[in-house]
Amino acid sequence: MNMITLIVALPLLAAFLLPISDRALGSVSRFVGPIVLLMNIILIMTLWQKSEGAPFALALGGFRPPLGISFYVDQLALLFALLVSILALMLWPYKADTNPRVFGLMLLLTGAASGMALSGDLFNIYVFFELLSVASFGLVASLRTGAAFAATTRYLIISGFGTVMALTGVALIYTQTGTLNLAHLATLAPQQLDNATGLTAFALILLGIGVKAELFPVNTWVPEVYATASRRVSALMAGLVSKLAVLVIVRLMVLIFPQPEAMQLMLALGVAGVLIGELSAWRARDFVRMLSFSSIGQLGLVFVAFSIPGEAGILAGLAVALHHLLVKPALFLLAERWGGSLGRLEGAGRRSPLAAGLFVLFALSLVGVPPLPGFWAKLLTIVGLLGQAAPLYWFAAAVVLVATVAEVNYLFRFGLTLFKREEQSAQVHKPHARIDLGTVSVMGVVLLTAMFLIAPLGERMQTIADQTTDRGLYISTVLGPVGGAR
Amino acid sequence: MTLLDGLILLALISVLVTMLGYRLPVIGWLTSALFAGQLLVLFLMSGLGYGGDTIHSSVALSIFGQPLSWRFDALSWFFALITIGAALASSLFAAGEWGRQYRQNGGNPGLLQFSLALNVLTMLILLASGDLLALFIGWELVSWASFLLMAMAGGAAFSWAMRYITYATGGAMAILAGMGMVYQMTGSLQYADLMAVAGQLSQAQVVILSLLFGSGFAIKMGVLPFHLWQAGAYAETPGPGTAFLGSISSRMGLYGILVVLVQLIGLGRLIEIDISFTWLSLRDLLMWVAAITIILPTFTALRQNDARRLLAWHGVGQGGYMLLGIFSATALGSSGGLMHVFNHATYQAALFLSVYAVVHRTGTADLNKLGGLVTRMPLSFLVMLVGIIGLAGIPPMNGFVSKWLVYRSLLIEGMPLLFVASVIGTLGTILSVYKLIHNMFLGQLRAEHSEIREAPWSMMLPMLVLSLIVFITGFMPGLALDWVAAAQAAVGLPVLQHSLGGVEMEQGGLDMTWLVAVLFAGFGIGALLFYSTGKTRHVNQLDNYAGGHFLTADVRYHYSDHFYAGLMHRIGHWYRESFQWLESVLISLTGFVAQGASGFYRIVQPALLMLVVVVLALWVVR
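Each protein sequence line maps, in turn, to chains A and B. Using the working numbering, the letters of the first sequence map in sequence onto residues 237 to 722. Using the working numbering, the letters of the second sequence map in sequence onto residues 225 to 846.
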């Protein structure tokens, strides 16, 4: 089971060695990244096979928890670690003229992201979060245009303040409890964190980490950054990085802050995100900005879904998050050739019917047209929200439903633009790069497969949700049966 | 494998065939043959139409713990019959010369056939749904399939299709919210469970559920105030597509209302609920909405100068009669409402097809640019004549029977105001269908149309068959009333006692065979008198007088522009376009809010605020 550390260590090691090896080996180093990621995928698969879904914990450096650094490996963590590697592999910058530094940053991001998924204590999470931030700054600025640097600076500032907030929150928790191990915190939380201080700490961490998760109101960096970064990086940020930040928040909420106030705070911010994101997207007049705002709205939906108490919330949130993780990167990849204002894209779909068809497929799933997977995610969310007594949940359901109408409107306004008959002065549309279109096609196949396999997938997600919400299991797995006794 | 599996499999095969073979020149005939095959399977299931047992599909799923099942009962069969029949007629119409011309004009007839097949498949899936989840899945599939059909023409069709899908999504979301509530009340989405608790629901719950499901389904029917999208969206669809959409697509909303409001919740619950400060019950309110849906769109139709729009607006208005009949909850009224679905589909398809036959030959559907075509296209004229008699609800066509049933039940139930409202609607219908046939076929022939020939037989055949059905089911309404009665039984409405000729009642029934016989006898006597005097003389179509002056052949004397000028002088100022105004206000408001929302991303720099939050937080917990 010690192999699990390799998932984090391998990409990090490769990331640090790449700049050196690049000098020595030249183009060979291009293959290092994908190979490492492939190894990671195989590693995680075998681990999953071996553990048979049962969670296990790992203490690093020989200190038993709650003292040492610990990893907690359950199905949720493995799932996200797996998705990190798969998505990074799919969105790998394969272009020939890529700066080798970008490879290093990608691997750094992968390693940090896997670490975040697997970590079992707050301090480690914080460290990996920082590492992830640094990697993302570099990636976002990697196009080296002036606009990219300006957007990155803005992102950097907001991220920096976010870090301050998160760190303050962690510090507050530490002053209250004297520990940062999640399992230990879970045992202490009902006595020591179920108060105003605990809530404040949660709010600070939520907002701090929420910067990456595109949480309202700390997401003002999103439109600029996605507009200026390369599409693959935007795809990675919107699809993957945001979800990992959400994952951390969800872990904290399940284990440490199950108070209804904490959930409603997250719900309120999520609702505001849905509303503002979707409305701004409705007003956007170019594809990339539209996708950025839509991504804010979708992340709002993820927060809304996760704020439903209990298993239903985890299940709904997981469904929405996984769906968005597949769809948004695909749409960003399609945006590679569909930049600029909407008016200039008239007839673009007639030139590249495959790309336009894939756009329609993903857009249909995004707005939740049955039987595509997006529908089931939306259904779980709505049913879950309406199952709560608090009026805020009903309001959230109404907002989500109304936002869907706006979403349909802007996505298909764009979709129909693609199919407009070309004017006399036909714009020259470059076809999509083969690698982009290929990646999106694979994602489309995954989406359709998921549609047919929705019943078994649903069962699998149910077990993950069961396991994730089981606090007792987490505590006893990390601290042992004795330590877990409260 | 049950017959239902076979039917849906065949529909699926039709979709696949049209998808793969859309470039084939014979694709139209092939699709028609496949639709005919589906109709055949439906006839094998015809036991359903006469009270046979429900046919279940052998496909059943369970997703996220929710069982999904599909089945066909008498109601599904009745709607499926209309659906496939309309698709067959439209497909046949497009298969021959129409399709060739459409291809020459840059259209894609294969795509049209594919869209038709897809619409039929999705509608069958909707009609077969055996629980609320399957119903919603079918509903959304139908919505998006119609979107494809509406948008495929490009150009102006895009903006109408956009309007449609925005409304339709709003409706779907209302239904989804309703489903969420049902799930919270019953813990499942099965029909049986909702039916079981329907009696115990509180009044507030019934009201909310009825409004959510009712408005969701009503949007597809274009019931006021959700009607703005329909006429334009249908009119911009390529020819036979319009006929298909106009005859059956919006009735899927009626199917949903029948299943959820009538079968599951029960109209009895709706009648119980009184609305405060009025003398109305919830059911009465819905009936008034239906009545207004008859009147306003019908008079909007009167003002249209495009034949397609005129008919499409009538499609909206006639939906009101169906709702009015069904919400009356009596055997008589609901049979009228249900039968009107069938009748409307038959004459509306015939009317649209005859309009498109004219468009095929003349290239325009503008009522100000046609006229006198009766000498050139007599069969199309005949089809339109039969169609408008049906639409206006005049004997001997089938539209009369269903409207009579609705009127009769309103009178018997003591709802004279509603009766008057629906008669006002009929008045508007008669006025506007006269405008339609007059401006297209009567009066003087335009010079540019002097060389026009009758539509080819591939287009005439479905038109003639449809008008024959319109007449036969008017002559012998019992043929259709059998199916209607079975459908009534399936949704738990009181069942109509009927005979082949109509309805026998103590308060005065209806026997169409007698009525038609008398009518034709009258015509016969008239014709006898007319021809026996021997004073007939053939005159040239252009041989006209006006105000005592002889008009030469080069002077046209044919009113079509500003038709009904006198009437419009009286009622013209009542057209306020309030709903258009309301819609644009809503859009502007949304735009205003959206501007504010995206302004947030330009103006706010949260970094400092974040610092303030941290300091405040520390101050709070200090």
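Be aware that one or more of the hints could be misleading.
[Claimed, not checked] Per label pair, the in silico range of CB-to-CB distance: (1) I827(B) with E366(A): 20 to 30 Å; (2) L590(A) with W843(B): 55 to 65 Å; (3) E366(A) with W843(B): 36 to 46 Å; (4) E678(B) with R521(A): 14 to 24 Å; (5) V678(A) with S500(B): 42 to 52 Å; (6) P589(A) with I495(B): 49 to 59 Å.
Honestly, the hints are just simulated from the structure, not real lab data. Beta carbons are placed, not taken as given, at the ideal position from N, Cα and C, and that holds for glycine.
A quick look at each hint next to the structure:
1. For the hinted restraint 20 to 30 Å between I827(B) and E366(A), the CB-CB distance of approximately 29 Å keeps it satisfied.
2. Distance hint check for L590(A) and W843(B): the Cβ-Cβ separation is about 58 Å, which falls inside the suggested range of 55 to 65 Å.
3. A hinted range of 36 to 46 Å for the beta carbons of E366(A) and W843(B) is inconsistent with their spacing of about 26 Å.
4. Separation of E678(B) from R521(A) is about 50 Å and departs from the stated range, judged on CB atoms against 14 to 24 Å.
5. For V678(A) paired with S500(B), a C-beta distance near 59 Å fails the hint of 42 to 52 Å.
6. Judged by the Cβ atoms, the range 49 to 59 Å given for P589(A) and I495(B) holds: they are separated by roughly 54 Å.
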